[in-house]
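Asks: Got chain A; can you put chain B on it based on the hints?
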Amino acid sequence: MNSIDDRTLLALMAICFLLLMSVFFIIIIVGLFKKRQSEHRQEKITLQHQYQQEILQAQLEIQNQTLQQIGRELHDNIGQLLSVMSINLDILEEDVSDLKTRSQIIDTSKILQQTIADVRSLSKSLDGDFAKDFGLVDSLSHDLRRIRATGKYQTEILMEGEPYRLDGQKEFVLFRIVQEILTNILKHAEAKTIKVTLHYTPAQFSLTVQDDGKGFDNEAVLGRKMENAGAGLRNIQRRTEMVGGTYIIETARGQGTKIEIQLPIVL
Amino acid sequence: MKWTTILYHVIQLLAVCAGIYNYKRLVKPTKVLFWLMVYTFISELVALYIRFNFGNNVYIYHLYNPIQYSLVTYAFYLELRQYRFMLYSIFLFWIFAIVNGIYWEPFLTMFCANLSMTKSILTTLWIFLYFYELLKNVNEHKFLEYPLVWISIGLLIFNANLVGLGLFNLLNQYDPITLALSNVRSFTNYVLYSSFVGAFFCHQNLVYK
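In order, the protein sequences belong to chains A and B.
Take the first sequence: its position 243, counted from the start at 1, is 245 in this note's numbering, and no numbers get skipped.
Take the second sequence: its position 52, counted from the start at 1, is 53 in this note's numbering, and no numbers get skipped.
Derived by calculation from the structure, the hints in this document are not laboratory data.
Just so you know, not all the hints are guaranteed correct.
Sample of chain A residues lacking proximity to chain B, with all beta carbon distances greater than 12 Å (derived) [claimed, not checked]: (1) I28; (2) Q39; (3) E41; (4) Q106; (5) F218; (6) N220; (7) T253; (8) G256.
Think about it this way: if two alpha-carbon atoms lie no more than 25 Å apart in a straight line, the pair counts; the simulated DSS-like pairs of lysine-lysine are [said to hold, decoys possible]: (9) B:K210 <-> B:K29; (10) A:K36 <-> B:K25; (11) A:K37 <-> B:K29.
Note that the coordinates shown come from a computational prediction; the quantities given were computed from them, not determined experimentally.
Quick reminder that beta carbons are idealized off the backbone N, C-alpha and C, glycines included.
Only chain A is shown next, with the shape it has when bound in the complex (with noise of 0.2 Å):
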């Protein structure tokens, strides 16, 4: 081999070198470039994931200042009035001596003790503190009692387990969730039987609401138009993704509804 063919055999491999070398470094630009953007999309669905809680959680707060705001105005407005009304009716029956007449006005006194005290039931139904303050059982039993109180429904709350309490913030979306899913038994369901169950377990926490009611279509609702869709369903779901957990609906027409919320406790 002469000296120019060795010069040609050096720059031959000299030259596959540096085209290896190019390969080389695209191939791992390449690679990088897929694994950042493996992290870009995962950022994104974070992004959107903590975009949805915040949007969510702004409206449950706002749903909450006005369903207080309404609670409070029942309970200090319209419920000073009655209160001032019932005062009245007693200063009246004092002095009515017509035995018919009185009659009728402490017929009209016991009507109105019963709507004073609907009314601050209502008005604590409203308010989401008192679900932080006094607990979810509590909050849920005081609104299963309201609903009995109409003589319309049988209701009924069980535990089973060893209870605890839940996160206060927890609780309180819990509790606005069974509020929705009641709203939505009084309206369609034309149920005869709620029955609310607390399940406590050391890993989990579950909540059923069930009803013997007309049932539904589950897959016909979920696939309405937008037009025709009511927010309840969407509601109930978004607030349990929203505290982690799941929710799960077993209904058929005229076989009754079974919602359960299954929380996961993170120790």
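Replies: Here is chain B on its own, set in the frame of chain A:
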């Protein structure tokens, strides 16, 4: 004429046609590269004509190299505007080309190996900068949806060959001294001009919009 030379010009013609066909949808850096492609095609045809009719065509490359460097650098600068020194380098490269053509590698008699080597090293640097910025600003677009990625891949492979030849002082050989080297050189040329076709047809995404 060798079939490799014909293929070389056919790929260049394809790149020019791809550029014309897609010109309206090309982004600014790719438009600059399209004009480089047009210039390259014409310049290579002229070089071929002169070579067959007059023998010596090296002076063509004394003009081609600074123009190619200017357009490539400007195209990358349009994507990497924070690196203003890229623009200043164009001016310095022209001065270097003139001095080199007068004193070190006379433009009428010698091939401009110094220019080619410097151009390759600098454009490789711009490619590294481009990939660095691309990795910093990753989004939903795919890797090959950036026209400058195509150009960078083509140029990187082309430059690897040029730098390899330059290291052994073979760039100023008028004819490649062996068939192997000639074939490698032809291959890198095909890769480079095919990358232009890819750049003109791909999605026109930019790192910085």
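Asks: Confirm or reject: A:Q39 is not an interface residue toward chain B, with every Cβ-Cβ distance exceeding 12 Å.
Replies: violated (5 Å)
Asks: Would the least Cβ to Cβ distance between A:E41 and chain B come out above 12 Å?
Replies: violated (8 Å)
Asks: Grab the minimum beta-carbon distance between A:I28 and chain B and tell me whether it stays above 12 Å.
Replies: A:I28 is in fact no farther than 12 Å from some Cβ atom of chain B, at 6 Å.
Asks: Far enough from chain B: is every CB of that chain over 12 Å from the CB of A:Q106?
Replies: holds (75 Å)
Asks: For A:G256, is the shortest beta carbon distance to chain B beyond 12 Å?
Replies: holds (48 Å)
Asks: Does B:K29 sit within 25 Å of A:K37, going by the straight-line distance between their CA atoms?
Replies: Not satisfied, since the Cα-Cα distance of roughly 29 Å exceeds 25 Å.
Asks: Between the alpha carbons of B:K210 and B:K29, is the straight-line distance 25 Å or under?
Replies: Holds, because 11 Å separates the two Cα atoms, which is no more than 25 Å.
Asks: Could you check that no beta carbon of chain B comes within 12 Å of the beta carbon of A:N220?
Replies: holds (34 Å)
Asks: Beyond 12 Å from every Cβ of chain B: is that where the Cβ of A:T253 lies?
Replies: Check passes; 39 Å lies beyond 12 Å.
Asks: The output says A:F218 does not contact chain B. Does that hold with a beta carbon cutoff of 12 Å?
Replies: holds (39 Å)
Asks: Would the pair A:K36 and B:K25 pass a check requiring their Cα atoms to be no farther apart than 25 Å?
Replies: Not satisfied, since the Cα-Cα distance of roughly 30 Å exceeds 25 Å.
Checked against the numbered hints above, the structure breaks hints 1, 2, 3, 10 and 11 and satisfies the rest.
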